[in-house]
Amino acid sequence: MFKKALLALPVAMALGGLAAGGAAQASEWQDPTDVLQKLLDNNPDSKYLHQSEQNIMMMPDNPALWVAEDGEQLFYEERGPNNASLESCDFGKGPGVLEGAYVELPRYFEDTGKVMDFEHRLVHCMKEIQGFDADDPEVAQRHGNDTDVMQLTTYIAMQSSGMEWQPANEHPKEQAMLAAGEKLFFRRGGAMDFNCASCHGESGKRVRASRLPKMRDSQEWTKAVSWPAHRAGHDNVRSQGHRIRGCAWQMRHAGIKPDSMANTALIAFWNEAARGEPAVLPDLKR
Amino acid sequence: MFKKNTVAAGVAAFATIALATGCAVAEGNKSDEVDITAMSAEELAEYIIFESDSFRLEQEAQEGGTARDRMVQDDLQKACSFEGEPDGETAGEVVAMARAEYEAPEGDIELGDWEKGQELAFSGYGYRIGHNNDDHGTREPGGNCVNCHVFDPEGPTQGTIGPSLEGYGATRGDSQEMREYVHQVISNPHQFFPCAQMPRFQGLLDEEQISHIMAYMLDPDSPVNN
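Chains A and B, in that order, give the protein sequences. Counting in the numbering used here, the first sequence runs from 1 upward without gaps. Counting in the numbering used here, the second sequence runs from 1 upward without gaps.
Pulled out of the complex, with its shape left as it was, chain A reads as follows (with noise of 0.2 Å):
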């Protein structure tokens, strides 16, 4: 029931939007289910799509709708040493507007002069806004279900569900940024010579028991990138920070470090990679 409401609430947004202003979004707000099975209706060949029946069962019970909702009212309290709302962070869209946002990201900022990813530039927010600290924990922990990092991520990112990937990529340091990112994906490098293609350059491959999304299949891709998901096996909601550095760990290349400009430039290839495909937000993985 507290689940239907918290669903009903960016429903509502999204038609006020688009009733408002007629604003040209490239598509309107989805739950995350519905998108999930219109990915697995359209691809029923798909192994990784396909690899648990689980996956999609469970969708309506998510448990990251519990941390977007955690998120939400994190999102409008006034905190930090300056007692402030994160209502006036502008993610690209304008101060406050959340709808759309997420998958609208990475984007070039006039403020700090740089290309960032959501993560970042929820820091960024919360440091400039609310004044936090780097050392303070709101801003310096990134992982877990209680982090304010996870809960406003998992909040904000399930404003843009069913929308489309559309990193924004006319600014010149988005398509600096983009294009590093594509020679990051295939750079081979490390202790074991591995580059991003060396496990999602084919369709239905395995990693033991996992099965690997292709990066050149767009439909497989959307779902690859649609973090937040609560992972199953960690049984915490992870960002896609979170997946990159694990990623990384395996790939015995060097730690990748949040707010880099390595890793929003893998982010802003991950998403082009997704371009018009819709989001799914929250997603949910094995």
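Heads up, some of the hints might be wrong.
Unchecked claim - Now the in silico label distances, taken between C-beta atoms and shown as ranges:
| # | chain 1 | residue 1 | chain 2 | residue 2 | range |
| --- | --- | --- | --- | --- | --- |
| 1 | B | A38 | A | G246 | 25 to 35 Å |
| 2 | B | T138 | A | M57 | 23 to 33 Å |
| 3 | B | E154 | A | D45 | 26 to 36 Å |
| 4 | A | Q141 | B | N133 | 19 to 29 Å |
| 5 | B | G137 | A | C247 | 57 to 67 Å |
| 6 | B | P153 | A | V97 | 50 to 60 Å |
| 7 | A | N83 | B | P156 | 46 to 56 Å |
| 8 | A | G144 | B | N226 | 38 to 48 Å |
| 9 | A | M57 | B | P223 | 30 to 40 Å |
| 10 | A | P172 | B | Y181 | 48 to 58 Å |
| 11 | B | E154 | A | H234 | 47 to 57 Å |
Just so you know, the hints here were simulated from the structure itself, not pulled from any lab data. All values reported here derive from a predicted model rather than from experimental measurement. Even for Gly, the Cβ is constructed at its ideal location relative to N, Cα and C.
Following the hints, position chain B against chain A.
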């Protein structure tokens, strides 16, 4: 052993790129002030890795040196950094590089203990660094082989990035030539499969470990062949 040479070559190559990007630095060389639009995508990627504080480059790597050394590409990695299959020329160059790097064992190749080999083929431990570091002092690194190959369908689920190696020795035999071939593939697969996704294990596993894994593949008593 070959690692040192290749790392040195990589460092030299990176120095060239660093020089080339030198002019792209607007004022000072803080990451914020660099004009990223003045670099090629490749230059920017190298800049991001080595100059932008994106990676924990100062960590020690298990193979010696630092994570920074590890991230420097050797010639073979560089040659294989593209999308899709290598063209004929690249394939030829990569095969030649791989042959030059490969160190053949002296004398006849003996098989080790297939049970130890099985353990090593299933172990995914080793060489991971970053938020969590594998400690080779407490546990030896494994081969990750089952991440990518099915050896024994009876065992836990195995990967499919590479071809199935089920019944490998039973179908191919266990001649000295066969042992030489398998040793070459495990040590440096690019001698036969240029730019394959498989790691070069010479330097990652020691010769004894390789002999155990070879026994797992070739010994008639191994479950792979039964």
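Okay, the hints, checked on the actual structure:
1. A38/B to G246/A: 25 to 35 Å: Check passed, 33 Å falls within 25 to 35 Å.
2. T138/B to M57/A: 23 to 33 Å: About 41 Å separates the Cβ atoms of T138/B and M57/A, which means 23 to 33 Å is violated.
3. E154/B to D45/A: 26 to 36 Å: At 28 Å between Cβs, range holds.
4. Q141/A to N133/B: 19 to 29 Å: Hint holds: Cβ distance 20 Å, inside 19 to 29 Å.
5. G137/B to C247/A: 57 to 67 Å: violated, 26 Å
6. P153/B to V97/A: 50 to 60 Å: At roughly 53 Å between Cβ atoms, V97/A and P153/B fall inside 50 to 60 Å, so the hint holds.
7. N83/A to P156/B: 46 to 56 Å: For N83/A and P156/B the Cβ distance comes to about 54 Å; the hint holds.
8. G144/A to N226/B: 38 to 48 Å: holds, 45 Å
9. M57/A to P223/B: 30 to 40 Å: holds, 36 Å
10. P172/A to Y181/B: 48 to 58 Å: With a Cβ separation near 51 Å, P172/A and Y181/B satisfy 48 to 58 Å, so the hint holds.
11. E154/B to H234/A: 47 to 57 Å: violated, 29 Å
Hint violations for this structure: numbers 2, 5 and 11, all remaining hints satisfied.
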